[in-house]
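J.: So the sequences go chain by chain: Y and R. Under our numbering, the first residue of the first sequence carries the number 38, and numbering increases by one thereafter. Under our numbering, the first residue of the second sequence carries the number 13, and numbering increases by one thereafter.
Just so you know, these hints were derived from the structure itself, not from any lab. Predicted model, so just to flag it, every value in this text is computed and none were measured. Incorrect hints may appear among the rest.
With a cut-off of at most 30 Å between alpha-carbon atoms, the simulated DSBU-like pairs for lysine-lysine come out as follows [stated by the list, open to error]:
(1) Lys384/Y to Lys88/R
(2) Lys88/R to Lys264/Y
(3) Lys234/Y to Lys88/R
(4) Lys372/Y to Lys118/Y
Coverage of chain R stretches by chain Y, computed from C-beta distances (three or more under 8 Å per stretch; other residues unrestricted) [stated by the list, open to error]:
(5) 63–73
(6) 103–117
Virtual Cβ for every residue (Gly too), placed ideally from N, Cα, C.
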Amino acid sequence: MKPYEATQPPQDYSRYMDLEEGWVDRRIFWDQAIYERELEAIFARCWQFVAHESQLPKNGDFLTTYLGEDGVIVSRHTDGKVYVYLNACPHRGNKLCFADEGSARRFTCNYHGWAFNTAGELTGLPSEQEAYDAGDIDKRQWGARQARVESYKGLIFATFDATAPSLEEYLGDYRWYLDAFVDNDEGGIEFLPGLIKSYASANWKFGVENFIGDAYHAFWNHDSGGKAMMGGPFPPYDPKDTFHASVNGHGWEFSLDGFGDIAILGSQEVLDYYAERKAHMAARVGELRSRIFGSLASAAIFPNMTFLPGIHTFRTWLPRGPRKLELRIWTVVPKDAPQSVKQAINKACNLTFNPAGTLEMDDGENWEGNTRTNAGWISRHEKLHYGCGRSRRVEHPQLPGIIHTGQVNDANQRLFYQRWADLMNARTWADVPQRYTPRFAGRPTR
Amino acid sequence: MSADEGLDMLPIAQHLALTQALYREARLLDQERYADWLALLADDVRYRLPLASRRFRADRSAALAEGPGYVFDDDKGRLTLRVQRLESGLVWAEDPRNAVRRIVSNVEIYRADGDGEAVVHSVLEIHRSRIDAQQRRLTAARTDRWRDTQGHWRLVARDIRFDHPVVIDSNLNVFF
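All chains should be modelled from the sequences, with the hints used to inform the complete structure.
T.: Right, here's the structure in full:
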């Protein structure tokens, strides 16, 4: 199939922010026209997480998700490979698969019965001989549109952009941080079955920027959950040995205490498991990364995948227009951990970080408020303050990417919006500037 | 005769007392009387809300057997912890308070195998008037097990099922 023709950016999106001064214009969280450009310039272009290998163990296993608002089927075909393709019939456009997940040999459109195999190829037309004449249709040309699929240590990503850089280049040195979570153990991670979905009347970026760098909100917003889970308030903020790291708009804020987030799970069994694993972890990914994992931290991969490494929760923030999002949450566990540790992590994750969780319950309300107040004409044209920690950039001998000191900081958020503007303003990938100096270009990070 | 039809009813007085207990429970929660609600729960209570995925009817693949994700998978300790959080005075999303009204309907009560226990089916509709005038309606089916403890009914198990595979609200700051 022909690649899509990229359109000219309809306006200069840099005017919606001044990151030196430290502000972002509120219209990017509300405006329909800006959102339409996001669908093209961000969601039709960037690599996005679609599944983890462990969710599709067998041929025929599939799940349905979205790249932006484009529904896709993610399925493991009979050749053992994972394919990602539009969840829409090329005949009249109806949705092909209405199930969330499962196992299938084919997907048959409800409307006329066009049938597709688990690689998205058109394999059957009802009454083909009687209904169609020779030359009417070349079935090989009318399969579902395929996305590119690449994976990093079990995390499967997809994009419809034939010109996008490789996933490795897209993640860049962020792989160094990602390894601290997904590769700190030979077995790596697995996603537990049991996806939790929820809706919020909020702009998708508020969820992502919360994870990319907002350690600040925890102390006030999650005070009730912290007290319930730990029996007392969060320890007061101490900026010493805490950081913001940003690469290509991805971000990770963290301390180096090694156990802060694991402790929030409130399970002695899980704490003991990791206390015992730390030396092995240090041997595998280095002492520094063994301390990054498990600490008070949060992280996001641009544009819309986020996680809390020590809490063991992964999620995607699917846009549903500028004022609504769909959140999808999974619990992630070390594959080689004992079953009882996996269960303890899963139960603790359910208790803390899902829509009924003792910590997460406080969040959604804020993002809805952040969004809804833009209904006011005056409000919408105001600026939001993103100026925290503007002068804290450092070069760090061991930490790759753009580093700022102090995990209470707006640095990663500013760099997220810079990447957003870079993409919104770019007609092609060649127009997207490289904002950091890679240390691991072309080589593995572990 | 289907399996459901031969089930034993409770004597009318017990049936009424248990029906009253369901309505009273709903009122206690509407009024945020959480300590009184916890007192209605047996010490060995099991309280669960799974979120099932939508699958094709013919799909019998393994993932289904591996179990759903749980919004609630709680014992009394975890429910108590949730209540402690709600009563901490620090839950900003509930201040001003959200008005919540529970409607309990389609109540069926049958004698259970266990000593002095009953199985209760009901439908719950929750109307939630959140701060900033947002209205939300949540519907769920419940299958309970209640135990008669010296004339007082105590909730032993509750399995809650949503009709939607998605939580249609940004938080679920309510008990079902």
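J.: Against each hint, give a clear statement of whether it holds in the structure.
T.: Checked hints:
1. A distance of roughly 14 Å separates the Cα atoms of Lys384/Y and Lys88/R; the hinted pair therefore holds under the 30 Å criterion.
2. For the given pair, Lys88/R sits about 18 Å from Lys264/Y by alpha-carbon distance, which is consistent with the 30 Å threshold.
3. Among the hinted pairs, Lys234/Y with Lys88/R is consistent with the structure: their alpha-carbon atoms are about 25 Å apart, no more than 30 Å.
4. Distance hint between Lys372/Y and Lys118/Y is fulfilled; the C-alpha atoms sit about 21 Å from each other, no more than 30 Å.
5. Coverage of a stretch by a chain is defined here by at least three residues with a beta carbon nearer than 8 Å to that chain's beta carbons; for the region 63–73 of chain R and chain Y the count is 7, and the condition holds.
6. Here's how the region 103–117 of chain R fares: 3 of its residues keep a CB closer than 8 Å to some CB of chain Y, so the rule of at least three is met and the hint holds.
The structure agrees with every numbered hint stated previously.
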